[in-house]
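Asks: For the protein sequence lines, the chains are P and Y, in the order given. Reading the first sequence from the start, the letters are residues 1 to 402 in my numbering. Reading the second sequence from the start, the letters are residues 1 to 520 in my numbering.
Possibly wrong hints are sitting among the right ones.
[As the list claims (entries may be wrong)] With a cut-off of at most 25 Å between alpha-carbon atoms, the simulated SDA-like pairs for lysine to any residue come out as follows:
id : chain 1 : residue 1 : chain 2 : residue 2
1  : P       : K39       : Y       : L402
2  : P       : K221      : P       : E202
3  : Y       : K517      : P       : L34
No wet-lab data here; the hints were simulated from the structure.
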Amino acid sequence: MNKQSTAGNRGPGIKSDCFVELELLPYGGIQIELKSKVKALYGESIERLANDILNVFGIKNARLSIEDTGALEIIIAARIEAAIKKIVETDLEYLFPVIEENKNATDKDQFRFSRLYLPGNSPKLMLNAGIHHPNGVILDLEDSVAPDKKFEARFIIRNALRSMNFYGAERMVRINQNKKGLDDLRYLVPHSVNLILIPKAEDADDILQVNQVIDILKKEKGINHQIWLMPIIESARGVINAYEIATSANNVASLAIGLEDYTADLGTIRTNEGNESFFARSMIVTAAKAAGIQPIDSVFSDVADMEALARNVQTSKGLGFEGMGCIHPRQIAVIHENFAPDPDEIEKAKKIVLAFKEAEAKGLGVVSLGSKMIDPPVVKRAQKTIELATKMGKLSSDWDNN
Amino acid sequence: MKKYDKLVKNAAGRMVPTIINGEEHVPFMGVGKYKPKGRKHAPYIASSIDYPDDGNKQVASLKEALIKAGLKDGMTISTHHHFRNGDLIANQIFDIAKELGVKDLRWYPSASFPCQERLIEYLEDGTINRIEGSMNGPLGKFASEGKMKGLAVLRSHGGRYQAIQDGEVQIDIAVIAAPSADPFGNANGVNGPASCGLLGFALGDSQYADRVIIVTDNIVPFPCIPWQIHGNYVDYVVKVDKVGLPEKIISGTTQITKSPDRLLIAEITAKFCEEAGLIYDGFSYQAGAGGTALSIGNYFGDILKKNDWKASFIRAGSNQYPVKLLEEGYVKYILDGQTFDMEGIRSMRENANHVNTSPFTSYNYHGKGNFASMVDVVVLGATEVDVNFNANVVTHSDGYMLHGIGGWQNCLFSKCTIIPIPLFRDRIPVIIDEVTTLCGPGEMIDVIVTERGIAINPLRKDLIEKTKHSNLPIKTIEELKAEAEAICGVPEKPRLDDEIIAAIKWVDGTVIDVVRKVPS
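So that you can see chain P by itself, here it is in the shape it has in the complex (with noise of 0.2 Å):
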């Protein structure tokens, strides 16, 4: 029998995806079938598109049936290429160019208050996520794909953090656990990827095993610029841990809680009031700030309900988080909202962040404000939370001017 492979989805509500089917045959050259609903827009540069990947990849004699309903071509390249190497043993890559907007790297303290999740096989869902300007996008191979999913979901990741614009939002992946997740990075490392969400981390080891794949990686690619880790504790063992996974590795940026898996692991139910969490809870925000990096929460996952998510950011931002995910775009802009500094915080940054300009314009080493002595690390907060009122349209930006 000939040997056959498909990748995509297809079917009721699918829509800016593909559904491919492959077949290598004896001989015969290259068939392409192609049913798409912009065929009278695009059907010349898809066929254009399917002829150089087959010939990329050296595959003379085929039958390639594309069902599309208005995919990116770099969604269609992803499903084929998915495809051919579901069926055939090759190292080489179909690659697009990084976009200009994806070619930024991140810094370990940047704002992450909010980070949408997005099923890694479901392009249909990325193609409109930045617009909604969340801090970071996670393209989640994870809990969100199904396991037959996995390995097509990785092109179709893969393309999107070189070639999709995200509008500025942090390009950050949630990869498998254990040996498919260190196998996953081989997808993203090389690919403009800023952040990687470690799930279910129960010691330092984890992370370690990580970073040695990421190292070997950057050094393979000539990749220089940081790739920061997210490990999410989803169990008691990562809890009592949690200080261990903070300060395993110099580029662990955050550590985030993930519940669900967390109140399971207990044997109890996940509330709205949370008291079976707080222990957690604190113990993850205690510490990452002892490690000095951010601390995160987890999803709130009643999308319909504003008001209930809202207090759960004031209760979260209490606690001393810094940020939670969403699972729906509505969501960052209440999230954004209840984490945002309030009027009382910026007074207080804007006296610090004079203070400092006076003591730097009087060529002082020490800050100070009244009688208290003010520490670099406070000040560097202090600017940051008026760079954040600022974006955020809390505060104009001359507010030193007068």
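Starting from the known structure of chain P, arrange chain Y on it as the hints suggest.
Replies: Relative to the frame of chain P, chain Y by itself:
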């Protein structure tokens, strides 16, 4: 008879026929350039001698009424679309015509819907020669493939009234399905099991058709109050078991969108209006029935509440959302052209400030003014917009004609016309070099709002000035187009046949563009 003949280039640069289905038509001359002379059209003088003194005009069946009205080959039959996809009468008319062996009818609906898909059979066998009216869905697809015998003519709601009034379209028989009527023919849409709110789209048909048939499933004793249609225009009244399917009458999009992308567009639109100073105490707006438009209306409501302002009126398409604003006192009047849900119908029945309107009062360009130009802000949809702000509402980028014009062209006369649309839909860019079909000239379209930026028509220097210091993502239309193409790729030009399948009328009855056949 040729479907069309004698093409000329009109003022918009489009090649259009001056002979359509054997009759002469004027090419588009520019906005506000064409002014017809002469008197309006009038039906024959009727006499009470011919009508019963007891006022009872009931006949036994629709078939009998059509025979009595003199149904014969080549006639023009009109219907209205207040029952939307729950209409049960239009199909019956043509079943009867087929049974009687009548051929070559012109159907003149205010719009057609997918529930009338089976009329394709009569378009194929020659019972119906052509449809002159909006075609939503399958009938539009049929026409797009060049299968209709006559040339389709698409008009706006106002343009449909204008064509009747000016005598461009002489209706032989108007069949008006009504949720409530008395034996004299007075009728309304607010009462009865198939209530649809009002019957405004049938007003011109009742006034100008030679014969008028009222079909209802709810006969009430004289007088049927309110009499939205006057029995004095009516020849026959027919009682049937069921005139429409209520669950499909109350359709369309009546819920605020849940799509985060569309909500974002709605939010940006409302914010633009606020920052540009378009919303003030006493302002007026029109927001249609789509999910995005509804949420824009909701955001407008929030802005009114925040400032404790009242809108002087809303032009609608009403449903629960504007009704709520009316009842909370943030809007003084709803001037309603069609109701979309039970709340809209209830409000129209109960509230004197929820007023039924017609294409005559709202939209007719050949009247002594109309309401459309008095509205501060209208929010409209489009399938495509080009870099000159011209817009298309009837065809998709692949050439298929799948939508009608509705009140869209008429609304362009508002003080500020805003089109909120996604920058692309499943890889199809919405902003392109030149619209496939020109429905609205760019000079009348002020603002395009997308999720990735806002483009203001350079003619609106005032709006550009007012928003230049805002945080709004204002870009040029060329920048928006380039952004869409960077994401989607530059589309190929779809290949269309030279053959014309439909003419698009402007509000003054001139031909603004044509639709060409999609190759099969």
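Asks: If a hint holds in the structure, say so; if it does not, say that too.
Replies: These are the hints, each one checked on the structure:
no. : hint            : result
1   : P:K39 / Y:L402  : 17 Å, holds
2   : P:K221 / P:E202 : 29 Å, violated
3   : Y:K517 / P:L34  : 23 Å, holds
The structure does not agree with numbered hint 2 stated previously, though it agrees with all others.
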